[in-house]
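Q: Chain by chain, the residues run as shown.
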Amino acid sequence: MIINHPLLGPRDSSEFVYLGDACLINRPDWQADDALDQFIEYGHTRDNPAGLHRELWYHEQGDRSWLVVTRNTVTHEITQVELARDVARAEGRSK
Amino acid sequence: MRYSGFRVIKEALTGHRGWGPAWRDPDPKPDYDYVIIGGGGHGLATAYYLAKEYKQARIAVLEKSWIGGGNVGRNTTIVRSNYLLDGNEPFYEFSLKLWEGLEQDLNYNAMMSQRGIINLMHSDAQRDAYIRRGNAMILNGADAQLLDQKQVLEKYPFLNVKNARFPVMGGLLQARAGTARHDAVAWGYARAADQRGVDIIQNCEVTGFRIEGGKILGVETSRGYIGAKKVGACVAGSSSKVMAYAGMRLPIESHVLQAFVSEGLKPVLPGVITFGAGHFYCSQSDKGGLVFGGNIDGYNSYAQRGNLPMVEDVMEEAIAMFPMLGRARLLRSWGGIMDMSMDGTPIIDKTHIDGLYFNGGWCYGGFKATPASGFVYAHLLATDTPHHTATAFRLDRFHTGHMVDEKGMGNQPNLH
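So the protein lines, in turn, are chains A and B. Counting with the numbering used here, you get residues 1 to 95 for the letters of the first sequence. Counting with the numbering used here, you get residues 1001 to 1416 for the letters of the second sequence.
Simulated from the structure, these hints should not be mistaken for laboratory data. Heads up, a few of these hints could be off.
[Claimed, not checked] The following label-pair restraints were derived from C-beta to C-beta distances:
1) P1323(B) x A32(A): 56 to 64 Å
2) S94(A) x G1410(B): 22 to 30 Å
3) N4(A) x Y1245(B): 30 to 38 Å
4) A32(A) x G1247(B): 28 to 36 Å
5) P1021(B) x A32(A): 58 to 66 Å
[To be verified] Here chain A is said to cover these stretches of chain B; the calculated rule only asks that three of the stretch's residues, wherever they fall, bring their Cβ under 8 Å from a Cβ of chain A:
6) 1024 to 1037
7) 1303 to 1309
8) 1408 to 1414
In this text the structure is predicted, and so the values were computed from the model without any measurement. Backbone N, C-alpha and C fix where the C-beta goes; we use that ideal spot for every residue, glycine too.
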């Protein structure tokens, strides 16, 4: 698989480390009343779709940026690559 | 029809006209007492033990394509019970005991061969870990033996034991472990279940559940609605997809695991051997091909095929262990979809929906578990209580904190 890095251009996926579903960006609020349940969900359950999947990849053998890659889990086709920082900020996070 | 040596001779002398199909091809009935979703090894074994041990009738196994076409036909055929943790080892040892009597029980040649497995050790720390694991195995009624370098070399004289980075210091041997013909396991269970009245319905994909008031009524399928008192999902690889029809999100990611076979070679490997400094396991089939595999590719996938970086990684491990294989050619590679659970351990449990049960999350370990998985799942379906060897495989263990993390990797499925 080739990941088209938004800053560095096309890079082989073997340069990256895979973390998992991009929902991991949205860490629950630890002060919420149901924080325990939210963290159990956050830590352990996944949608795991057959089809388009937004996921976190870390460019360990490169510029050490976190990316959000949109990839089809049935065909391995990658359709979108964004900097995780941009995705998190667009969702209202400070960094 | 019973299979026997006499029967083979008789058929050979009469032109093989007496063999019939090994199982029927029935149309689905309007309703059943038990519907098992998934005609793989585990689903067929579940149906078989439900019929045999728990005397249940009116059972159907629904398979979306043909039986045995998923992971039971894609694994590296290894059968063993060399686990450490109390939640796991009694279950896998129960499974190995069932393997030992499987062929007589099913009247089917599953080519069960107890040729032994050796996990190689490459450091002092690993020796300590293997001694601990071996002791845990023995305490749970399994067999284990610690080998030093000389004893390993007696069995595998060509091993590169003097590798500067990963010298082979010895190994942990489980002599009762071995290999079994994976397809024959599915076929054997299918035939034996069919003989006990189980309807095996192929080309019948489940497309939804009918649930009312928190109770299961039946399943919607590509061949129409089928009513059921109890429904057991047994679809590792597609668990998230199927259980989503019941509105469930699971602690599971689907990952692709590749396996490989070399061209046929003269007998070189007497048993199963694993590389302790990486993740590599290898045995030789009766046809002569070396059957081996390594890690999962490491990203969510439903593709049933992997990518080249992992192929390269596995080959490097093979050559590090057996430099003499440098000229052997790879014949085939293929991929299967693993249910990678959050702690590396399977789930066999009821769900919050009355009459709906779940069996999945098998990670790499599904094939060796086939008989016990079927047995304990049948026990759960029939009695609504977990079998005593499978009490740790609960769905709610991530909420209660009772994870069974054999490898100690935490909730990172691609590291288990």
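Q: Which hint numbers does the structure go against, in order from smallest to largest?
A: 4 and 6
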